[in-house]
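S.K.: Quick note, the sequences are listed as chains U and C, same order.
When you line the first sequence up against my numbering, it's residues 1 to 102, in that order.
When you line the second sequence up against my numbering, it's residues 1 to 204, in that order.
Since the hints were derived computationally from the structure, they do not count as laboratory data.
This structure is a prediction, so every number in the text was calculated from the model and none was measured.
The beta carbon of each residue, even a glycine, is placed where N, CA and C say it ideally should be.
The reader is advised that the hints may include incorrect statements.
Only pairs whose alpha carbons sit at most 35 Å apart, straight line, appear in this in silico DSBU-like list of lysine-lysine [said to hold, decoys possible]:
#1 U:K16 x U:K100
#2 U:K83 x U:K16
#3 U:K100 x U:K64
#4 U:K64 x C:K147
#5 U:K64 x U:K83
#6 C:K147 x U:K100
Computed, partial: chain U to chain C, Cβ under 8 Å [claimed, not checked]:
#7 L7
#8 V12
#9 A20
#10 S23
#11 M24
#12 A26
#13 A27
#14 M42
#15 L47
#16 I89
#17 E93
Simulated restraints, written as ranges between beta carbons of each label pair [claimed, not checked]:
#18 C:W87 x U:Q67: 43 to 51 Å
#19 U:H14 x C:R81: 36 to 44 Å
#20 C:F86 x U:D44: 32 to 40 Å
#21 C:L40 x U:R97: 57 to 65 Å
#22 U:A63 x C:L162: 48 to 56 Å
#23 C:V185 x U:R37: 31 to 39 Å
#24 U:A101 x C:T12: 19 to 27 Å
#25 U:D44 x C:F110: 50 to 58 Å
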Amino acid sequence: MNPEPFLQLDRVIHEKGRLAIMSMLAASPELSFTELRDALAMTDGNLNTHIRALQQEGYVAVAKSYQNNRPLTTCSLTAGGRKAFADYINLLEQIVRQNKAK
Amino acid sequence: MESNWALEHLQTIRTLMERSALYRRALAPIMLFAGFMGVLAAAVGLVLHLDSPREFGGFWLGTAFAAVTGALLITRRQALRDHEPFWSPPTRRVTQALLPPLTAGMCLGFVFVLAGLANAVVLTFIWMLFYGCALHAAGFFIPRGVKLFGWIYIGLACGSLLFLGIFRPEVDLSAYWLMGFFFGVLHLIYGAYLYLTEKGTNAA
Numbered sequence: 001m002n003p004e005p006f007l008q009l010d011r012v013i014h015e016k017g018r019l020a021i022m023s024m025l026a027a028s029p030e031l032s033f034t035e036l037r038d039a040l041a042m043t044d045g046n047l048n049t050h051i052r053a054l055q056q057e058g059y060v061a062v063a064k065s066y067q068n069n070r071p072l073t074t075c076s077l078t079a080g081g082r083k084a085f086a087d088y089i090n091l092l093e094q095i096v097r098q099n100k101a102k
Numbered sequence: 001m002e003s004n005w006a007l008e009h010l011q012t013i014r015t016l017m018e019r020s021a022l023y024r025r026a027l028a029p030i031m032l033f034a035g036f037m038g039v040l041a042a043a044v045g046l047v048l049h050l051d052s053p054r055e056f057g058g059f060w061l062g063t064a065f066a067a068v069t070g071a072l073l074i075t076r077r078q079a080l081r082d083h084e085p086f087w088s089p090p091t092r093r094v095t096q097a098l099l100p101p102l103t104a105g106m107c108l109g110f111v112f113v114l115a116g117l118a119n120a121v122v123l124t125f126i127w128m129l130f131y132g133c134a135l136h137a138a139g140f141f142i143p144r145g146v147k148l149f150g151w152i153y154i155g156l157a158c159g160s161l162l163f164l165g166i167f168r169p170e171v172d173l174s175a176y177w178l179m180g181f182f183f184g185v186l187h188l189i190y191g192a193y194l195y196l197t198e199k200g201t202n203a204a
């Protein structure tokens, strides 16, 4: 088997929690921190850590604003994040195809 | 084994993306509009005495058409305001979920009216039953208690039909009052609840 696609998988996205965040954000223009936390059943700290890692990689943009006098944190994928996610999916599909062909 | 792992990953990603792409347009204006239409139509029906099953069926099918058209226009206006596509994947999914029960209810109502199989009161509960099923199906893609709202219709319709079937009460019920309450007032109550609790999130 050609190990090439597996080795090319983006390690930042490949982590389970971060992959879940990227998947959710890929299907929505933006999601609030609360929506992400509730949908993925993560703790505030855990979600914060993952979002910070994705932010440092330039995959996720975080915006802070106010709604009804309450702070609102929203996350969205950057163009780079969208591309990295698409590349990750392509590689997974490549792995599946490769194994089917065997 | 690695293929399984990759397939599972892809499946998880798909599920998460679908869950994320919920229909999030503001439902309050749609519910309030539907409620207003329900109450108005019931009042008009009572005043005009459209009491035969055919008149009743035709009148309410026309009202339903007007309510659906109005709801679509409200949705379109929200999409235009937010610079988003109107026919988005969540909107498509919600429509696909709503259509089968609504079509079935409409057809059954039509047949019952033409064949003289049901009076206006029974027709009201049959429509409620199908409408409840439609709401419940759409509720898988809409937050804000739509599934529960569907169950309320199903429960009320089943309970009322059972009551009518078993006890055959000699009560002179006006179907217009029932339609006005169930399709008008209930929508207004739910719309008011949504209006008071809805957040600013409004994307589909």
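S.K.: Between K83 (chain U) and K16 (chain U), does the CA-CA distance stay at or below 35 Å?
M.R.: holds, 19 Å
S.K.: Could one say that the CB atoms of V185 (chain C) and R37 (chain U) fall in the range 31 to 39 Å?
M.R.: For V185 (chain C) and R37 (chain U) the Cβ distance comes to about 36 Å; the hint holds.
S.K.: Okay, F86 (chain C) versus D44 (chain U) on CB: inside 32 to 40 Å?
M.R.: The hint (32 to 40 Å, Cβ to Cβ) holds, given that F86 (chain C) and D44 (chain U) are roughly 36 Å apart.
S.K.: K100 (chain U) and K64 (chain U): Cα distance at most 35 Å?
M.R.: The hint is violated at about 45 Å.
S.K.: A range of 36 to 44 Å was offered for this pair. Does it hold for the Cβ distance of H14 (chain U) and R81 (chain C)?
M.R.: With a Cβ separation near 39 Å, H14 (chain U) and R81 (chain C) satisfy 36 to 44 Å, so the hint holds.
S.K.: Restraint: A26 (chain U) near chain C, CB-CB cut 8 Å. Satisfied or not?
M.R.: Since chain C brings a Cβ to about 6 Å from A26 (chain U), closer than 8 Å, the hint holds.
S.K.: So the hint says 48 to 56 Å: do the beta-carbon atoms of A63 (chain U) and L162 (chain C) match that?
M.R.: holds, 53 Å
S.K.: Using Cβ atoms only, decide whether M24 (chain U) comes closer than 8 Å to chain C, and label the hint accordingly.
M.R.: The hint holds - M24 (chain U) has a Cβ within 8 Å of chain C, the shortest such distance being about 4 Å.
S.K.: Taking 50 to 58 Å as the hint, is the beta-carbon distance of D44 (chain U) and F110 (chain C) inside that range?
M.R.: For D44 (chain U) and F110 (chain C) the Cβ distance comes to about 54 Å; the hint holds.
S.K.: Does A27 (chain U) meet its interface restraint, that is, does its C-beta lie within less than 8 Å of any C-beta in chain C?
M.R.: holds, 4 Å
S.K.: Would the pair K64 (chain U) and K147 (chain C) pass a check requiring their Cα atoms to be no farther apart than 35 Å?
M.R.: holds, 32 Å
S.K.: Given a hinted range of 57 to 65 Å, is it respected by the beta-carbon distance of L40 (chain C) and R97 (chain U)?
M.R.: Check passed, 58 Å falls within 57 to 65 Å.
Going down the numbered hints, you'll see the structure goes against 3, 6, 7, 8, 14, 15 and 18, while the others check out.
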